[in-house]
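S.K.: Protein chains in written order, with our numbering: chain D, -8 to 312; chain B, 92 to 528; chain W, 214 to 492.
Worth double-checking, as some hints may not be accurate.
Only part of the chain W face toward chain D is listed, based on derived beta-carbon distances under 8 Å [said to hold, decoys possible]:
| no. | residue |
| --- | --- |
| 1 | R224 |
| 2 | L236 |
| 3 | M242 |
| 4 | Q254 |
| 5 | I322 |
| 6 | A443 |
| 7 | W457 |
| 8 | V472 |
Taking lysine to aspartate or glutamate and the EDC-like style, the derived pairs with C-alpha atoms no more than 20 Å apart in a straight line are [unchecked claim]:
| no. | chain 1 | residue 1 | chain 2 | residue 2 |
| --- | --- | --- | --- | --- |
| 9 | B | K154 | B | D512 |
| 10 | B | K352 | D | D149 |
| 11 | B | K280 | D | D149 |
| 12 | B | K364 | D | D149 |
Since the hints were made in silico from the structure, they are not lab data.
Source: prediction; values computed, not measured.
Ideal Cβ positions, reconstructed from N, Cα and C, are used throughout, including at glycine.
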Amino acid sequence: MVDTIRVEKGVTASAPPPPRKRRWRRGWLPYVLLIPAVLLELLIHIIPMLAGVGISFLQLTELYLSNWRAAPFAGFSNYALVVNFNGAIGQALLHSFVVTILYTAIVLAVSWTFGMAAAVFTQRAFRGRGVIRTIFLIPYALPVFASVITWNFMLQRDTGVVNQLLLDVHLIHSRAFWLIGQNSFYSLVVVAIWRSWPFAFLILTAGMQSIPTDLYEAAAIDGSGAIGQVRHVTLPLLRPVNRVLLLVLFLWTFNDFTVPFTLFGSAPPTQADIISIHIYENSFVSWNFGTGSAMSVLLLLFLLVVTVIYLAVGRRGERHA
Amino acid sequence: MRPTKLSTLALAAALVAAPLAACGSSGSSSSSSTSHATLTYWATNQGTSLQDDLNVLGPQITKFTKATGIKVNVQVIPWTTVLNQITAATVSGKGPDVLNIGNTWSPSLQATGALVQFTPSVMGQIGGSSRFLTGSLSATGAPGKAPTAVPLYSLAYALYYNKAQFAAAGISSPPTTWAELIADGVKLKKGGHWPLAIEGGSVAENIHMAFELSEQQGGQFFDSSGKPTFNTPQNVAAVKQMMNFIQTDKLTNPSDAQYSKGTEALVDYATGKTSMVIWQAASGSLKQLGMNAADIGVAPVPLPSPVPAGGKPITSMVAGINMAIFKNTKNMSAALQFVKFMTSTPEQESLNSTYGSLPTVSAAYADPAFHTPAVTTFRSILSSSAAPMPPVPQESAFETAVGTAIIHLYADAATGKAVTDSMIAQALTQAQAQLGG
Amino acid sequence: MHEPVWFRWARVVVLTLLGLFALTPVYVMLSASLKPLSDVQGAFRWLPSHLTVAPFIDMWQTIPLLRYLENSLIVSTAASVASVLIALLGSYAISRYRFHGRQVFSITILSTQMFPGILFLLPLFVIFVNIGQVTGINLYGSRTGLIITYMTFTLPFAIWMLAAYLDTIPRELDQAAEVDGSGPMGAFIRVVIPAAIPGIVAVLVYAFMTAWSEMLFASVLTNDSTRTLAVGLQGYATQNQVYWNQIMAASLTVSVPIVVGFLLLQRFLVAGMTAGSVK
């Protein structure tokens, strides 16, 4: 029985584990065990979500805020407004979407690369490895609001360390803006990478630990150098881990609210207008919750489609491997 | 006075849930005896820190308790959360008895119906409305309706200038027109010094200035029926003038486009990094920042010369803090007594002189503490050249939409991208689109 | 295993660069927290002009930092413990049983990871207020409401990880315990849970850290007395000045326990994630 959400078994050199027999109980126990989880999910996630979707079909503006039961039914007009790329709102949403895609792609690629490089280089023991691993995990361990406030401080134009450093090594000639203007996008990317790559490092290191060393020896005997070993042993065996890691990183980065909000405050620059903040500002600046909810629903649909495609393609790849 | 996005969120959330609150909340019961009541009072952060406010209010409250036997439990709420809390209190029915509100919030909060309306009979219980300055009273709710709160501290914008630096540059008096200000700026700019500081990243500071300049140009952001009219030549001209401080007049350090905490421009002025700043009455802060009192000069914000057709000689919006009573309070008469106490002449004199703000009752101005040149200037600004922000329910949405648009325009100007009239027009149109207009 | 020279050099370079990248903000935080205010208002200096611990003392006064710290501790601890307990029950069901709706439940649970917070923030607020009106249980503005919200947020990932981890614990353990006379729940408690400690710790840490850092919901669902650090730290931007040195000192102080705890537990974390992610 194929489980659609579980990570599939990787190939290891040891004997396959005994086939799992699940006890087939027509009993009540599993249901009882799940009741608390189900109730909580209903209360906090499902019902509010459905209410949010419902709001997207209403014209819930400030006129009806105090009497939302009387808000007129808007059908799909909120959605029409939002995807009308000729109008101000639709155009801004499209721009924000593109910015977020670019942002997510770059952060994902670089974080994974850094995490992979660090994992490979720390795979074999050497003196100080424990310290290095600890150092690498610190950015992930620091609470987001504390570390991103520090980055805000570092990126200040006149008092920040980034400009000071760049000036000192003569990479720039005059102090640049990092929190507004074109550079703000790159600042956001760097800060996000700074937070994400340790997570990738952690997961990849954990994944690599279950790769038996004799596989590397076999590859070495066959003539693979270090790079070859990574390509032929490490990467294939990490595929199941990577599948999940990349998906999770994608979802978390795309949906991220706290990092851009803490870095830029209440008015992010247009060049770094991440979609979660964009929707947030759009709903609550204009108090047009119908529109804001419509945007959120579209966002959810997009993520759903991406996830489904990703998982389906991945599984087909697994079967052919 | 500085609503953040998070607070707008909570305001909205509160209003959505209001009909639910209406079912469950208990009506305010009239209490027969007030002498053993305890009031809950939410104060806003007027001083240099939350603790500072407690130190200022504490002795006053002790006085009140001694006189009336009513105890007051005061909480000082930071600006970042106060609107959140007010609206949450509106929804849940659990809130303070008495509270401070930013005066520009008055029309919006009035619309929620959560505050006691100061009808003539209610006003009579605290001493009547004629005691208050007309200017202060103009920002207490929608026109034609009873005030939803009474003015507590009044503030206005003025041009703060550094007397010592002016004298050193050979300028004998502060500028009265914008042309003079630019000319003075040229003289002050020698040696890489920046003449004018601007809090370009702050929604509140930007929108206040835009409003004032728009009034001077004869523009308006809402027409008489309350519909938004953002993209007009006068409004564009006002915003363009703000951009020019950085891009053509070169009076302002481009870095100021990042100033978003509501404090940095004033700090630059206080530490002598700039010679001028347009700010609300700030004597308490300037003292705490260590500025030499002899250097502090106060003048009205300049006017265009000549004033364009239809333009008004407005140099400030009516800023300030109002005091309101929650409709759900169970201690109505005790609350009224406290409001009466806080707006009484002795208290107005004491609190306003400590905070550096202006009394809202005319009788208090007899106190010599308010006869300094600075206070006299502020008072005349408030009474003759101040206008209230548009008193419409969409007011805070307007502030955030246009204020944010100006922040982005300042960022463009600072990073070298020239801001044109058409860019401003487009930004204003988009801001208006966000209001659904 | 032979390590070519270029590999060793590359390792030194790469790891050093990454290490510097990771640590620079930490150094800034540390040095700024020991600087006098004038230092952080001018051009950046690598070393403080003179060392002072004043920021660490003053920071408690400028905002009610202690109260925020307490609230964060209570909320995060309760939410993470509750989340783990409920996740244990659910993951045991998924791992050890086959029943109708198992697939649906798993997929639905995991799909909640995709929900944008903004979509259900407003309705959640309204629901909480509603519950408060009808039942008198005060969920808005209380730590309880926040705890319930956070533990639900971390539940999906927790259940998923714990289920995967429990899968790696052989059934023979359960069966042996049952043979000894305990029912399935007894087997679970006395045998399976002890064997699952690394996974449990990993989930506990993840849940705690998520609750500690969350900002969006905390900003709406708390009031002055229940405010958490994530929102409260913003209060350092007071009327007058931005006390960057105090902000850094406070950030450092509230981070140290988390970081230390995380690093101490990272061994469990790696073990927990190893079994949970790879099969």
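S.K.: Could you tell me which of the hints above the structure violates, numbers in ascending order?
M.R.: 9
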